[in-house]
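Asks: Protein sequences, first through last, are from chains A and B. Using our numbering, you'd call the opening residue of the first sequence number 1 and step up by one each time. Using our numbering, you'd call the opening residue of the second sequence number 365 and step up by one each time.
What the hints contain is simulated information worked out from the structure, not anything from laboratory work. Even glycine gets a Cβ: it sits at the ideal position worked out from N, Cα and C. Please note: incorrect hints may appear among the correct ones.
Only some residues are given here: those of chain A computed to face chain B with a beta carbon under 10 Å [as the list claims (entries may be wrong)]:
no.	residue
1	Glu100
2	Glu119
3	Ser121
4	Trp127
5	Gly250
Restricting the straight-line Cα-Cα distance to at most 30 Å, the calculated cross-link-like pairs of lysine-lysine (DSS-like) are [said to hold, decoys possible]:
no.	chain 1	residue 1	chain 2	residue 2
6	B	Lys429	A	Lys286
7	A	Lys102	A	Lys286
8	A	Lys287	B	Lys417
9	B	Lys429	A	Lys152
10	B	Lys429	A	Lys217
11	B	Lys417	A	Lys102
12	B	Lys417	A	Lys264
13	A	Lys287	B	Lys429
14	A	Lys351	B	Lys398
15	A	Lys24	A	Lys73
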Amino acid sequence: MRVWDIVVVGGGPAGLCAAIEAAKNGARVLLIDENSRPGGQLFKQIHKFFGSAEHKAGVRGLEIGLQLLKETKELGMDVWLNSKVCGIYDDNVLWVVKDERKSFQVKGAAVILCTGAVENSISFEGWTLPGVMGAGAAQTMINVNRVLPGRKVLMVGSGNVGVIVSYQLLQAGAEVAAIVEAAPRLGAYGVHTAKVRRAGVPFYVSHTIVRAEGDGKVERAIIARVDERFKPVDGSEIAINVDTICLATGLTPLAELAWIAGCKFVFNRVLGGHVPWHDRYMATSKKGIYIAGDITGIEEASTAMEEGRLAGVSAAAAIGLIDTERLEKIAGEIWERLDALRCGPFGENRKIAKQQVMAGGDEQ
Amino acid sequence: MNNIIICRCEEVTEEEIREAILSGCTTVNEIKRKTRAGMGLCQGRTCRKLVEKVFADETGIEMEKIQPSTYRSPVRPVPISNFEEDDN
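In isolation and in its complexed conformation, chain A is listed as follows:
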């Protein structure tokens, strides 16, 4: 068994920031990621972030990713790529499968879980046809692998993921035939929605996909208007010829390891379902296990980075590298920034949801 001060699982925005803060404060850190390159979703974010300057407004996600990777290198922490954390046992011992070859037992005095989220599916007739995919998968194909998933796309869901990926599909050379939204209102920030609308993409609110048709692959999508109970209205079907259907229907926190470790969970609809309970230092109910980023509830890269910093500092404090006074000062500063990020029509809901989670919610 190999032992580190702090082991960080997941090298996305939260995990990178957690590892950087822990290492800056003198911890021996191991950062584990299952991909061949850390950065999580950051390298798919070719658009500029907005908010205030201290939250990297005007900077593209991938540039933030490069900066964070540079910091991890300069700090000289251990980074295991192509490494899957498959299990977690008592006393913060992790089972890691490295390079699809061998198993390792790895222990951290503290473990920070930054495992992110997984895309939601919706089921409809024909949804298993080739050509139906998560919007995030399409984004990976165009922005990371530079492969166009199809020529003509229907986007299901008008939230930020739906409209941002739609715009990037247009940039990559695809046609976006329509964006459908089951709710009566569009779901994304106006700035992203307007860009897609200006490009001429039609939006269908109070509509859903009812069927994908085609011979061995997607050739057509059938959409329909929905009533106030979200049931399709007979006779309102519209056929749209597309070869790709992208599902941008929300995300679910990926919290299997926290579950297996026995962390207390709280259900919160706004945050994407069951999330591990945590306190204001990102500590879970299990001693030595911390969480940050989308595993704590679906938010954004900017909040994930702040939570990661907080978890890194808290874990370093827990092993005696930072005294209480300094921890309080840093935590206070990070909470100020988190509160500033969680404002506005979308952020305010998340702020309330986060408070509900920390207050305990309905115990599971």
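Based on the hints, put chain B in the right spot on chain A.
Replies: Frame of chain A; chain B shown alone:
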């Protein structure tokens, strides 16, 4: 009833899940044991919420009251040949 697939890995349909509930399954864990929904390669990462939705629809139980099915190691698909431990 319909034959829309809910669990792609194990090819379990919505109809089979509804039948499992009508035959007496009272939790999503029981649905999993009876139908294998969620027991395939992706370990329910795609269908977990879909199964819960069908369960909620069939029983009238709210989503937040549904106890999720159990998570177990390994949480990623790995071949058994990778279980051998590096002894360095």
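Asks: Hints first: check each against the structure and report whether it holds.
Replies: We went through each hint and held it up to the structure:
A cut of 10 Å between beta carbons decides the hint on Glu100 of chain A: the least distance to chain B is about 6 Å, and the hint holds. Interface restraint check for Glu119 of chain A: the shortest CB-CB distance to chain B comes to about 9 Å, inside 10 Å, so the restraint holds. Checking Ser121 of chain A against chain B: minimum C-beta separation of about 5 Å stays under 10 Å; hint holds. Taking 10 Å as the C-beta cut-off, the interface hint given for Trp127 of chain A holds, the closest approach to chain B being about 7 Å.
At a threshold of 10 Å, the smallest CB-CB gap from Gly250 of chain A to chain B is about 9 Å, leaving the interface hint in force. Straight-line distance between C-alpha atoms of Lys429 of chain B and Lys286 of chain A comes to about 23 Å, which keeps the hinted pair within the 30 Å bound. Among the hinted pairs, Lys102 of chain A with Lys286 of chain A is consistent with the structure: their alpha-carbon atoms are about 28 Å apart, no more than 30 Å. Our distance criterion of 30 Å between C-alpha atoms is broken by Lys287 of chain A and Lys417 of chain B, whose separation comes to about 33 Å.
Between Lys429 of chain B and Lys152 of chain A the alpha-carbon distance is near 40 Å, which puts this suggested pair outside the 30 Å criterion. A hinted pair counts as satisfied when its Cα atoms are at most 30 Å apart, and Lys429 of chain B with Lys217 of chain A does not qualify at roughly 37 Å. At most 30 Å may separate the alpha-carbon atoms for a hinted pair to count; Lys417 of chain B and Lys102 of chain A exceed this at roughly 38 Å. Under the criterion of a C-alpha separation no larger than 30 Å, the hint pairing Lys417 of chain B with Lys264 of chain A is consistent with the structure, at around 23 Å.
For the given pair, Lys287 of chain A sits about 27 Å from Lys429 of chain B by alpha-carbon distance, which is consistent with the 30 Å threshold. Pair hint Lys351 of chain A plus Lys398 of chain B does not hold up; C-alpha atoms about 40 Å apart against a cutoff of 30 Å. As the CA atoms of Lys24 of chain A and Lys73 of chain A are separated by approximately 12 Å, the hinted pair is consistent with the 30 Å bound.
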